[in-house]
Structures are given as C-alpha cells and as structure tokens.
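Protein chains: 2
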Amino acid sequence: MTAPGGPLGEFELIRRIRGMAPAHPSVALGIGDDAAVLRPPPAGSSTVVTTDLLLDGRHFLLDECGPEAAGYKSLAVNLSDVAAMAARPVAAFVAVALPKRSAEEIAEGLMAGMAPLANRFSLALAGGDTNAWDGPLVVCVTVIGEASPPAPVLRSGARPGDVVLVTGPLGGSILGRHLRPEPRVAEALALLEAAELHALIDLSDGLASDLGHVLDESGGLGASLDAHSIPIHPDAERLASRSGRSPLDHALGDGEDFELCLVVPPESAASLLRSPPPGVTLHRVGEIEPGPGIRLRDRDGSTAPVRVRGFDHLGAGGEAGGHAG
Amino acid sequence: MTAPGGPLGEFELIRRIRGMAPAHPSVALGIGDDAAVLRPPPAGSSTVVTTDLLLDGRHFLLDECGPEAAGYKSLAVNLSDVAAMAARPVAAFVAVALPKRSAEEIAEGLMAGMAPLANRFSLALAGGDTNAWDGPLVVCVTVIGEASPPAPVLRSGARPGDVVLVTGPLGGSILGRHLRPEPRVAEALALLEAAELHALIDLSDGLASDLGHVLDESGGLGASLDAHSIPIHPDAERLASRSGRSPLDHALGDGEDFELCLVVPPESAASLLRSPPPGVTLHRVGEIEPGPGIRLRDRDGSTAPVRVRGFDHLGAGGEAGGHAG
Numbered sequence: 001m002t003a004p005g006g007p008l009g010e011f012e013l014i015r016r017i018r019g020m021a022p023a024h025p026s027v028a029l030g031i032g033d034d035a036a037v038l039r040p041p042p043a044g045s046s047t048v049v050t051t052d053l054l055l056d057g058r059h060f061l062l063d064e065c066g067p068e069a070a071g072y073k074s075l076a077v078n079l080s081d082v083a084a085m086a087a088r089p090v091a092a093f094v095a096v097a098l099p100k101r102s103a104e105e106i107a108e109g110l111m112a113g114m115a116p117l118a119n120r121f122s123l124a125l126a127g128g129d130t131n132a133w134d135g136p137l138v139v140c141v142t143v144i145g146e147a148s149p150p151a152p153v154l155r156s157g158a159r160p161g162d163v164v165l166v167t168g169p170l171g172g173s174i175l176g177r178h179l180r181p182e183p184r185v186a187e188a189l190a191l192l193e194a195a196e197l198h199a200l201i202d203l204s205d206g207l208a209s210d211l212g213h214v215l216d217e218s219g220g221l222g223a224s225l226d227a228h229s230i231p232i233h234p235d236a237e238r239l240a241s242r243s244g245r246s247p248l249d250h251a252l253g254d255g256e257d258f259e260l261c262l263v264v265p266p267e268s269a270a271s272l273l274r275s276p277p278p279g280v281t282l283h284r285v286g287e288i289e290p291g292p293g294i295r296l297r298d299r300d301g302s303t304a305p306v307r308v309r310g311f312d313h314l315g316a317g318g319e320a321g322g323h324a325g
Numbered sequence: 001m002t003a004p005g006g007p008l009g010e011f012e013l014i015r016r017i018r019g020m021a022p023a024h025p026s027v028a029l030g031i032g033d034d035a036a037v038l039r040p041p042p043a044g045s046s047t048v049v050t051t052d053l054l055l056d057g058r059h060f061l062l063d064e065c066g067p068e069a070a071g072y073k074s075l076a077v078n079l080s081d082v083a084a085m086a087a088r089p090v091a092a093f094v095a096v097a098l099p100k101r102s103a104e105e106i107a108e109g110l111m112a113g114m115a116p117l118a119n120r121f122s123l124a125l126a127g128g129d130t131n132a133w134d135g136p137l138v139v140c141v142t143v144i145g146e147a148s149p150p151a152p153v154l155r156s157g158a159r160p161g162d163v164v165l166v167t168g169p170l171g172g173s174i175l176g177r178h179l180r181p182e183p184r185v186a187e188a189l190a191l192l193e194a195a196e197l198h199a200l201i202d203l204s205d206g207l208a209s210d211l212g213h214v215l216d217e218s219g220g221l222g223a224s225l226d227a228h229s230i231p232i233h234p235d236a237e238r239l240a241s242r243s244g245r246s247p248l249d250h251a252l253g254d255g256e257d258f259e260l261c262l263v264v265p266p267e268s269a270a271s272l273l274r275s276p277p278p279g280v281t282l283h284r285v286g287e288i289e290p291g292p293g294i295r296l297r298d299r300d301g302s303t304a305p306v307r308v309r310g311f312d313h314l315g316a317g318g319e320a321g322g323h324a325g
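Chains as they are written, first to last, in the UniProt record's numbering: chain A, 1 to 325; chain B, 1 to 325.
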C-alpha cells in the first residue's frame, strides 16, 4: 500500500524490512503480526531485555553523520548492553519516528546501518513500529538476548579484593568514535568462559560513573584506581588539548566508550592478564575496596577522590555524544 | 544523583520507578542493570514481544490531554497487541524522550498513567531509558508476554467460511476514546478458552484495514461484511454529523478502537454468540470468503467493495489519533 503522504507507506517499509531480516532459531514469528513470537531459550538459560532510545541532536547529529551511522549506533549500543550481561543477542525490535521530509531515505539508511550488525551477530530484526512526523529522528531499539549460566553477569557481584579490568582505551569518544562502538559481545562470551566474572558493565556513562553503579549495586563498596594504569585513548589526548581537562580526566569521565568493565577475583585477573582469550584486550585498572567512593592512586602512592562527571541522560545538555558537563 | 540540568536526574528517576514497579514471577531482575532478566515462560509456552512508539502531536496532544493520559495510552496500546496474540502480559520496558522544560513533571505524569494499568494486569515495569531534549514528548513502550497453547493466535489462520466477530462498537475514537483504550487482555484469554480462534487482531488501523491484514496474512482471502451488523459507536455518529462521512464509514475506516477482531469457525461463532464468556461482548460482522477483497453487503443483498482508508503511520498527516485521510 502506498501512503498518501509519500512514495513508501508503512506497510511497504515493513515488507522490505521483513525481507532483510536474518532468521534466528529462537524467533518463531518475526515482523508481520501484532507481536513477534520467541521460542523459549535453551533449558537453564534466561532471557535478557534491554532498550535504548536515541535522539537526533543528542546521541547523534543526523545532518553530520547520516542515517546509516545513526542506525549503526542505535543497534550497537543495545548489543553492548546485551554483552554487558555476557548474553547472546537473539532479536531486535526497532521503533522509529522519521522526519517526514525524507522518511523513506532515512529509513533505508537506518536499515543499511543495522543490517551488517544484525548479520554479524546473527540477530533477527523481529519487529518494530514506523512513524513519520515533523520532529527530529528518534530511534528506539529493544534487543532480546539469551544468557546461559553462569550468565547473566550482573553489576551486583563485586567483592572487596576483586580486580577491575577494562577491555580497551577510554575517553574522547565524542570526537566521532561514539558513532561506531564495537559491541563486545564475543569478548564477553569469551571472558565468561575463561574466568569467574563477579560483575560486568559496559562503559556508556564513563568509567567513574559506571564503576560507581557497580559499587552501588554491590552493596556500597568502593574502589581504588591506578592513575598510570588507566588506558587512555588517543582521542582523549586530542580532546584534552582543547578542553583544558587532562587526558586522564577524559578517560575517567567521558561516556560512550562501550568497552567492558569487569570485576573478577584476583586469581582470575592474574590468569586473564597472563593469557587473555583470543581477540580480547585487557587492562588492569584497580581493585575493589570495602569503603565507599572511588579513589585515584598516583605512582607515589598518594590518593585523591574521583569526582564523578558521568553522563546523566536526563539532565545533560543537548550535546551529541551526551556528556554531562 | 541530581542532574546538572534539573532537580531530578536520570538515576533518581530510575530509582523512583524501581520502587513503583510491581513484581512479576517471570522477572528475575528488573530495573537497575544493563538489561532486565526474565525467567523462561512456563513449559510449552512461548514469549511474545511488541513495541509501539507514541509521539506528541500524533498519537496524543500533550498540552490537551496531559502526561497521565499519554502514559496510559502508550502502555494500553501495547497491552492491546499482547491481547491480540491471546497472550498474558509479563513486563514492560519504557523509553522516553522528555521535553526538558518540564521533564520531571511529565515523567511523573506518565508513570501515574501507567502504574494503574501495570497493577491491573500484573505487569512488571522491568526496564527503560530516560532522556530529556528540546523536542516533543516521545514514549516507546515494549511489552513482553507469555502465550500458552493454543496461543499465540496469529493473523494468518483465517479460512473460507469462518465467521468474523468484533468485541465492541467502532468508529470516532478520535473524539477522545483513543486516549483511553481498554486493553482486551482478559477478553482474549476468555475467548481462547471458550472457542477455537483461527485468527485474532486488535483494531488499531480500522476494521477494514486490520481485517485486510488478516486476509493478506491468511493467503489472500476476502470477506463479506454485513453493513447493518457492524456495531457503530455513538462517537462515530457524532463525528459523522460534522465530517460529511457516514457513521458506517467511520466504523469501518477509523483507527484506534482497540477492540478485538476474531475469526472463528462457524460452530465456534454460534456457540460464542449463544453464550459469550462472562464480560465479553461479541458482534458478528461477516464471514471469510475465498476471493480477495472486502465486500459490504446491504440488507437487500447487494454488495459493494470496501475502500480501505486505514491508518498509515508513515504516510498520514500530523493529526492526533492518526487517521489517514
């Protein structure tokens, strides 16, 4: 059916997406009914569900990055949340509000950004909702995954004495990297197999803020981080040269790195650092302590509290990349 | 944590929602981690997933209806989709973009609209995503449900000779009723128990359009509807007095009635009409035929094709209630 307002109606768009969506054995029925139907996860497994809503002007600038990047990021950040449970993605549901003036072109760009990720991670596009309006582009993605024991790995399992590791260099993602996060799905599954994971989170709000969530959810613990051990991304250096803040400050405070932060017992940390799973990079950044708060330890052993300047999605300004000032 | 931009940050809001959310035995972990964790559905059951994105200016007019009605409608339309599979709702995920000027007030209004529905249907609010921006209110709700055999009931099972029934009067919901749909969850479950349901859909796009989906998905069938049997809502009469269209035209074409349309074999229809399940109203409106298209039959036996003027979410104008012209 052709829509009155444009060359491509909702039903035609849905038909096209239906044709593009890869199959997944857990999806009994995808796009085309009132709801999708999923088969139960394998015996003993549980289902994880995550949803993220991305806004033009806030999480991306459509005029600068184009719809393909917006589509990629919208799906990738949800896959990152599934990775943060050490789960395996199964199906995505994509709801959009498309700017009316170029709804069809944007819809196709979004799909072009999502399809390669869906294929790489064997993820079905199992449903969604398509709207056009006079407002900016809105993309809301929900991803369902399957967690096989000992997953899901929660934020709440950290214990004093545990070691804190991250999977890559941090900071300055707003220079562009935030549009192309690499969902650490395979890395999380490999780590789950290789070590006892006490806690796992993806770095969306910034290391200090996200580690803070882990500490809060683990019963009000604290952590000490080694200033010289925090892997600093070249983007953090570049950004520091104009922001007046230090590269370390960016590595600790900037959001949207989408690396994993894992908390493991010391013996697991030693073994992981000695022989990390193939393809997984690991940096030891500090350890969990009983007293609340995050402290930064200098080479000389002196410590100072870390001021959390993570990303508050509700209060932050309109800056794309979403860093609260 | 208090947000820089306002009195209530995302984390505080999430904490509050967490406190309001009813528990559900299938939700192992709700708000507060990277993803929610659901237990597998009861043996033999499957999981249904549906998502709907609602926009200020399109699905509701926030300045006129207020955030409580917007919250109610956003959740209710998703529950209606779960009902349309004859499934039982389990958990909702609510992602919002809140207008910055009054983010907190709107968030509280949305929750006030959703909480009674969540409680009535024993639905957990298990996750979500909160953003504030300079744009209009956007609410994206995903609901997960459990379908016990013979559910889920799909759109695709209609057969020639089957009877088409609806659960209530149709048309004119744009006069206000579209904001307060009654999700027919209990009705669908009662019908599932009482009869052999070949196909089931909720009337969101309009009877002609939604029945058209059933006919398409059932292999290109058709239907004849009895003009004098279609239950016409008083709102359709009221709207007709100013629209220049007939009340029947509104009953056939208007969207967002959110009644159920069911397709059952003749013997089930007879038994359902003789003794409907308690609390369920049923109207016989026509029957399925092998030839494609929908025909409207007059009292004198003459027939005319029904022109589908359903709701196309992508192409339709900015009218709240969303009727394509």
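In short, the hints are calculated from the structure, not lab data.
Treat the hints with care, as some may be off.
Identical chains share a label here; the pair holds if one copy fits it or two copies do between them.
[Claimed, not checked] Capping the alpha-carbon separation at 20 Å, the derived lysine to any residue pairs in SDA-like fashion look like this:
1) 100 <-> 243
2) 100 <-> 134
3) 100 <-> 182
4) 100 <-> 234
5) 100 <-> 63
6) 100 <-> 216
7) 100 <-> 148
8) 100 <-> 150
9) 100 <-> 57
*Evaluate residue 100 and residue 57 at a C-alpha cut-off of 20 Å and name the case that applies: within, between, both or neither.*
Classified as both; 17 Å inside a copy, 13 Å across copies.
*asked:* One pair to classify: residue 100 and residue 216, alpha carbons no more than 20 Å apart. Within, between, both, or neither?
replied: neither (43 Å within a copy, 27 Å between copies)
*If the cutoff is 20 Å on CA atoms, where do residue 100 and residue 182 land: within, between, both or neither? Let me know, please.*
Result: close neither inside a copy nor across copies, 31 Å intra and 30 Å inter.
*Homomeric proximity label, residue 100 with residue 150: Cα distance no greater than 20 Å*: Answer is neither; intra-copy 46 Å and inter-copy 41 Å both fail.
_Same-copy or cross-copy closeness of residue 100 to residue 243 [CA-CA at most 20 Å]_ = neither (37 Å within a copy, 26 Å between copies)
*Intra- versus inter-subunit Cα pairing at 20 Å for residue 100 with residue 148*: Classified as neither: same-chain Cα gap 42 Å, cross-chain 40 Å, threshold 20 Å.
*At 20 Å max between alpha carbons, let me know whether residue 100 reaches residue 63 within a copy, between copies, both or neither.*
Within one copy only: 15 Å inside a chain, 22 Å across chains, cut-off 20 Å.
*Could you figure out if residue 100 and residue 234 sit no more than 20 Å apart (CA to CA) within one copy, between two copies, both or neither?*
Neither. Shortest intra-copy (39 Å) and inter-copy (33 Å) distances fail the 20 Å Cα cut-off.
*Using 20 Å as the alpha carbon limit, work out where residue 100 and residue 134 are close: within a copy, between copies, both or neither.*
For residue 100 and residue 134, the Cα distance is within 20 Å both inside one copy (6 Å) and across copies (18 Å).
This entry does not satisfy hints 1, 3, 4, 6, 7 and 8, going by the numbered hints stated previously.
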